[in-house]
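Protein chains: 4
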Amino acid sequence: MYRSETKIRVRYAETDQMGYVYYGNYAQYYEVGRVEALRQLGMSYRDMELNGIMLPVLSYSIKYFKPAFYDEELTIKTIIKDIPGARIVFEYECFNEKGILLNKGETTLVFINKETNKPVSAPADFVKLLEAKINEQ
Amino acid sequence: MYRSETKIRVRYAETDQMGYVYYGNYAQYYEVGRVEALRQLGMSYRDMELNGIMLPVLSYSIKYFKPAFYDEELTIKTIIKDIPGARIVFEYECFNEKGILLNKGETTLVFINKETNKPVSAPADFVKLLEAKINEQ
Amino acid sequence: MYRSETKIRVRYAETDQMGYVYYGNYAQYYEVGRVEALRQLGMSYRDMELNGIMLPVLSYSIKYFKPAFYDEELTIKTIIKDIPGARIVFEYECFNEKGILLNKGETTLVFINKETNKPVSAPADFVKLLEAKINEQ
Amino acid sequence: MYRSETKIRVRYAETDQMGYVYYGNYAQYYEVGRVEALRQLGMSYRDMELNGIMLPVLSYSIKYFKPAFYDEELTIKTIIKDIPGARIVFEYECFNEKGILLNKGETTLVFINKETNKPVSAPADFVKLLEAKINEQ
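Chains as they are written, first to last, in this note's numbering: chain A, 1 to 137; chain B, 1 to 137; chain C, 1 to 137; chain D, 1 to 137.
Calculated directly from the structure, the hints in this document are not laboratory data. Here the structure is a predicted model, which means the values were calculated and not measured. Do not rely on the hints blindly, as some may be mistaken.
As the list claims (entries may be wrong) - Pairs of lysine-lysine, DSS-like flavour, derived with a Cα cap of 27 Å: (1) B:K63 to A:K118; (2) B:K77 to A:K63; (3) D:K7 to D:K104; (4) C:K63 to D:K118; (5) D:K98 to C:K114; (6) A:K118 to B:K66; (7) A:K66 to B:K104; (8) B:K104 to A:K104; (9) B:K66 to A:K63; (10) C:K118 to C:K81; (11) A:K63 to B:K114; (12) C:K7 to B:K77; (13) C:K66 to C:K98; (14) D:K7 to A:K77; (15) B:K98 to C:K7; (16) D:K63 to C:K118; (17) D:K118 to D:K81; (18) C:K81 to C:K114; (19) D:K104 to C:K104; (20) D:K81 to D:K63; (21) D:K81 to D:K7; (22) C:K114 to C:K128; (23) D:K114 to C:K63; (24) A:K114 to B:K98; (25) B:K118 to A:K66; (26) D:K77 to D:K104; (27) B:K98 to B:K66; (28) D:K7 to D:K63; (29) B:K114 to A:K66.
Could you build the full structure based on these sequences and the hints that come with them?
Shown next, in the form of structure tokens:
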């Protein structure tokens, strides 16, 4: 299991008139979580795309327990449990500054060759880095 | 079962560099779908909030089959299958102009009294309108 | 002078905890205004991009007089005063349902050839349609 | 003159199909810039709102020189030149990792008493902190 953490400060734009972070904005926070998880692993999602692999989302689910508020510094924990094939599953947990779990979710993404628009295996260097981390932790 | 439809034109802001509608933006489209579903039923979500009832989201899930593209006019079908208690489930289907199903999802929301911050039963007038529609269809 | 109107319903996502439409969201509303202005003229911005011309924004300014609120149906008036060369200026006025002017703004955009990434003259068919409208009104 | 800097990493959601950061998203980046400028001064905008003062935007303008791209770490420089009365002007400059100026802008905001909804003078503690910084620099 590979675990990574990143911090996100809630922007004013991300609140709604209920005074909460709008329910749709966590998809962005989770995106930041997974990109930073890759970066901490030594991978750049930007470079992966430049190298012709993109990673669209197949499914996304989230459960909301407590709201997040303006200006809070949230912690997004991103977890990869399994070595990916053509698909990769990321799990997320979002905590506020007091360590309270606000929401948790999951996305499944698929590695796509941009030329052929077909699913492909996860890049070998990524799998290698991930295996090393999973064994180390 | 109560079914409602609404149209949404994809904005440039909603696309990402993959050339697709960003995966997180469907939460907004679904929000528009459920608000218009209420309006077509004769209810105003705005008035419901002004009357002290708010409706935060407890859970949200979506499956993506095909991307949506810039300037497409999407059809959001919003479905309520069950008479709500304190919770209400909306299902959504998103189609492009060719009638192809792009994604489908589901949200569960809870009626909250803004004063007490506690769950309450769905407003009686809303339940009545919904029952009438469900019997009619 | 070519004038066009389009309606936009304020989404919940677009409000902030002040209870107003977030100040940054009018850029999207104005984008919708100018795309619909082109469509009403018989032009499709989507097709223009597919034909190799893109139209990035060079400058944008807005003055806010009154806030817009959740669920209001706003009217965006989009105005083109001058026949464009490589640059085109759009002016915008945003009104609420009571006809009150909420904000007004202006954007300058430039026609860019996607291949060369250089400014080019406005497409001839667009100029022709615009001239006809300006003379007609 | 009080100068402050903050870093923002471009999110995937913030790009558009041109491959650039959407022109409307800089309003959010500038908002982050000014909130962090206040924080570095020892002020919390969140607390200011909790204390009954809000700060809506009266006008906003931006000039775009170069696009920002996905995953770039941008630097937002936020500048306050004058001690505020009821109004405060923030200037912004946005640089990419190579130190190239991508865009610059300005917002004017007004201090509003949330109870009366009327303009008020800038809070005395804020003015004091700002004067100290301006004299120090």
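- So which hints don't hold here, by number, going up? Every hint satisfied by this model.
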